[in-house]
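Chains A and B, in that order, give the protein sequences.
Per the numbering used here, the very first residue in the first sequence carries number 21; after that it's consecutive.
Per the numbering used here, the very first residue in the second sequence carries number 9; after that it's consecutive.
Just so you know, these hints were derived from the structure itself, not from any lab.
The beta-carbon is built from N, C-alpha and C at its ideal position, and this holds for glycine as well.
Incorrect hints may appear among the rest.
Part of the chain A face toward chain B, derived, beta carbon under 7 Å [stated by the list, open to error]:
(1) His201
(2) Gly259
(3) Pro262
(4) Ala263
(5) Pro270
Derived lysine-lysine pairs resembling DSS-like cross-links, with alpha carbons at most 27 Å apart [unchecked claim]:
(6) B:Lys183 / A:Lys100
(7) B:Lys65 / B:Lys105
(8) B:Lys69 / B:Lys105
(9) A:Lys91 / B:Lys65
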Amino acid sequence: MSVAPRVVVLGPQHAQPSVSAVLRRVAGKGPVALITAGLQERESEATAIPELGVPAINLTLHARGEDIFAKDRELAAAYKARQTRLRLMQDFYRTRLDHANLAARAISVRHVDEELLAEEGAASIGMIRRLDEDHLERCHHVHAEFVSRWQPASRPHVARHRGEVAAILARTSAVVLAGGHVAVLLNRLRLLELGPLLASRTVVGWSAGAMVLTDRVVLFHDHPPYGPPVAEVLDLGLGLAPALVVLPNPRLRLRLDDTARVTYLAQRFAPATCVALDHGNSVEIEGGCVAGGSEAQLLRSDGSVDRSWP
Amino acid sequence: MTPRQPTSPPRSPERAIEAFVAGPHTREAVDAFLAAHHFPIVEGSSVTFVYRGEAEKIHLKHWVFGLPSSQELTRVPDTDLWYLTLDIPPNSRIEYKLEVVRGGRGEWRQDPLNPNRARDPFGANSVAHGSGYRVPDWTHPDPESALGTIDEVGFQSKVFGRRDLVLYLPARYRKSRRYPLLVVHDGHDYLRYAAMATVLDNLIHRLEIPALIAAFTSSPDRLREYANDERHASLITEELVPFLERRFPLEGRPQGRCLMGASFGAVAALSTAWRHPGYFGKLLLQSGSFAFTDIGDRNHRGPVFDPVVTFMNQFRSRPVAVSEHVFVSCGTYESLIYENRSLVPMLTATGMTISYVEAPDGHNWENWRDRLREGLSRLFPGPLLLMYE
């Protein structure tokens, strides 16, 4: 009996790995395809990955990307220019965001009618949401322009690697995405245009590997080395786990006991569901809808956290 | 029957020194008191400095702007024990010495009862840690942090001749990568007194800043060259950075270049950026000696500040964006806090992104060390925000 393709998003795996139990259930005896591009140069180090419990074939996407750039210098130069542009755009977006957050804070401490204050608070969140949307739209435009101009999938070196990856995927029962550097992981998936190849497959991802499966990747840290807490959108994700914002490792990165912070995140990214995933937590998606999971932590707009969602 | 009165416990002295003063003043009591405490004694916001020894007078000498710089300790009758209690705000760091007056002559000494020392180019001071202050863990060597390399690099300037330069390359340095560049004024002192190589190793390891290359420069005539000297600005922008960008895999763009310094080194950083606007995308200015006058050109800090005042008055009369992001820090116990605070709104008004922090500390290397994490991670955010393992 074949199992319908599922997408499973997990929290970090280094302390109490749960991925092997999940794979036994959704991927049978395997083998599975493993994507560790987020680990960059360490992608083939066995010690960097927890025991999966099933045979795995590493797709070595990071190394494939390096090979493509070494052999297709024109594409490499264009890619580098695109990345520089995206980094600057992220910086400018962050500057706008800082000011919008400061404005929201300045309004929130005014001593005026509560009803008006609530209305203005909603307007402040609305402004920040528009900045997020504008940034994502402009990132999308940069990617679309890049694909249109450089046609990566049609270039011989990209096409060869993509073909090899597709052949491996065809003989595996699931795809596993490890955590790591979320932007590097997303960029390697995008370079080889793997989104469509993953769309009809069972996919399991943890931490950064879970974040890239959503509609939009949200970077966050409530305890940064400087300044106030940070939350910003990075880019569009693969959209395989729609309407979810995945926030891994809340124990280290989030202040879930701060109701104002929880409210802010939940309202800012609504109607998507903000879900914090610690060790052992999971959410399963089937047919684009949440179909199960284990003790994920749902951030509610009233500032509360449902710790046994769904 | 009379109602029972609530019995209140006998009042215990608030501070350890008060308990000692209230007790017997024997040699044994002094020995026991010294053995029972760490010095200075920190009790909430009270810090009690203690000295034992024969003298005519003992003075606390410190550099806290706003307090009398010399304060006399009180002798406990019939003993050779002296003390002074001050109210010190939480998280303070105070560098000090004790002046022991004998035969009418004073001698400045480190506090023999306090093992905490801060070194600087003039020697070492004793350090009092106010309640809550901890030496940041990222300033100590971390066995898990991979170490960068430190090398002397020969650099020949057309204007100044040979200059000593120390180059920091991060752990796992690769020629195939592109790195941001941090140029540090008074670089040898930052390495010696602010543990900067260790700080870089740790912040890179913790992903709080990206792997970067740092050039630690020094000048044999810093008070002149750092005080808005056109030749110095040319040395940095037309000789040193191009030299480094030819030899090392650097990003080679304003966003990937930061110029930093403390005290006169901060003046050098700002004036270099002012003379070459846009060249450095980031400036890190610590306790800048940004002296100025609101009217006239006489300043109370002495002739060495005259060129600084001329520059700052010129800059303040027409502030312009010279960089993209500027981090400014200053200790609240420095006389320069006034100059630094007043500079911040001017910098902000130019459109540059300005980050400003204060700390209850003085004009010293450990203050500058303790602000490095905030400053560097603010200017060069590391991959921490992008790493989810």
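Each hint, compared with the structure:
no.: 1; hint: His201; verdict: 5 Å, holds
no.: 2; hint: Gly259; verdict: 18 Å, violated
no.: 3; hint: Pro262; verdict: 20 Å, violated
no.: 4; hint: Ala263; verdict: 20 Å, violated
no.: 5; hint: Pro270; verdict: 11 Å, violated
no.: 6; hint: B:Lys183 / A:Lys100; verdict: 17 Å, holds
no.: 7; hint: B:Lys65 / B:Lys105; verdict: 14 Å, holds
no.: 8; hint: B:Lys69 / B:Lys105; verdict: 5 Å, holds
no.: 9; hint: A:Lys91 / B:Lys65; verdict: 79 Å, violated
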